[in-house]
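> The primary structure of each chain is shown beneath.
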Amino acid sequence: MAGTAVRRRLTWQVATVAAVRDETATVRTIELRAADWAGHRAGQHLDVRLTAEDGYTAERSYSIASAPGEPVAITVQRLDDGEVSPYLTTELRAGDELEVRGPIGGYFVWDADDAASPLLLAAGGSGIVPLRSILRHRARSGTLVPARLLYSARSLPDVIYRSELDQYTNSVSVTYALTRQAPNGWTGHRGRVDATLLAGVAWRTGRDPIAYVCGPTSFVETVAAGLVSLGYPPQHVKTERFGGPGGP
Amino acid sequence: MDALDGNAIGGLLHEVFGTEMTAATATCASCGATGPVALFTVFLRAPGTVARCRVCSAVLMVIVRAKGMNCVDLRGLARLEAA
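From first to last, the protein sequence lines are chains B and D. Per the working numbering, the very first residue in the first sequence carries number 1; after that it's consecutive. Per the working numbering, the very first residue in the second sequence carries number 1001; after that it's consecutive.
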């Protein structure tokens, strides 16, 4: 609806790092204070711009990890050959400044106020980040919309936000798929998400569910195609692909 | 290089079009496929940013930033409508 869209210039601003928190060996959450932050919706992004002393700039887009109403935070996975993520995950300290612009995006977003459909969230690796924003938004809103999370990670130590996800207990059912390494006695799924696992986790289509799928391209293609073959209308399967090195 | 999708260029498109575009509806001039910009197949350093149709792989958009200016080629699109 063109008439109702809020037109807002997207401008770079300087944010201050309020806190950093290591989530796993290679993943860090960075909480920001941005004076001009317009507020965000669950699932949106922001862009980060780094400028070298010689003027060379590099921009990257990161999913926002926090819920609407919370201080804006991003969670960044270190890519060893990356230009930006090694700095963000190892050098950056509280009190440092960072150029950001956002919030960005209007497709891969979920608003608790409009929600009636059961939520199916599927994450591959750091694809959990925007889904964590959705889960926190859901919890804070008090909505009774039921939610399930399917999270594919290489191993348990690679699971981002694990202690937080564990706290959902009854209110969100969380299913892990461990693709590389599972602890002794692991009774959950081993290996990549397949059609059987997906069929077991996904809401039945009669309940008019909506799915948000985020992760490496191969993960997203597999899950999205699997959901469509289970009868999900393609427009009820929201996807976000971030490429990534190989996948979880 | 790995392909991303249209979500990854939400900031760039907002800069170019002045509004949120990932939920905009686009129609491919080659095959007629219609869907949200978020579903485009996107290559970030092709050089420049290249968006292709997820159905037929035709080039839909090319955006090259040079000397502080964005050069935008949309000839692959038959239609583009903000949400």
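Among the clues, some could well be false.
Claimed, not checked - Listed below are several chain B residues computed to face chain D (Cβ distance under 8 Å; list not exhaustive):
1. L10
2. H45
3. G106
4. D111
5. W203
6. T217
7. T239
8. F242
Just so you know, these hints were derived from the structure itself, not from any lab. All values derive from a computational prediction rather than experimental measurement. The beta-carbon is built from N, C-alpha and C at its ideal position, and this holds for glycine as well.
> Decide, hint by hint, whether the structure agrees.
Hints, one by one, checked against the model:
The interface hint given for L10 of chain B is met, as the beta carbon of that residue sits about 4 Å from the closest beta carbon of chain D, less than 8 Å. Interface hint at H45 of chain B: satisfied, since its Cβ lies 6 Å from the closest Cβ of chain D, which is below the 8 Å cut-off. For G106 of chain B, the shortest C-beta to C-beta distance to chain D is roughly 4 Å, which falls under 8 Å, so the interface hint holds. For D111 of chain B, the shortest C-beta to C-beta distance to chain D is roughly 13 Å, which exceeds 8 Å, and the interface hint is violated.
At a threshold of 8 Å, the smallest CB-CB gap from W203 of chain B to chain D is about 22 Å, leaving the interface hint violated. Given the 8 Å rule on beta carbons, the hint for T217 of chain B holds: about 6 Å separates it from the nearest Cβ of chain D. Satisfaction of the interface hint for T239 of chain B is found here, the shortest Cβ-Cβ separation to chain D being roughly 7 Å, below the 8 Å cut-off. For F242 of chain B, the suggested interface contact is upheld, since its CB lies about 6 Å from the closest CB of chain D, less than 8 Å.
Hint violations for this structure: numbers 4, 5, all remaining hints satisfied.
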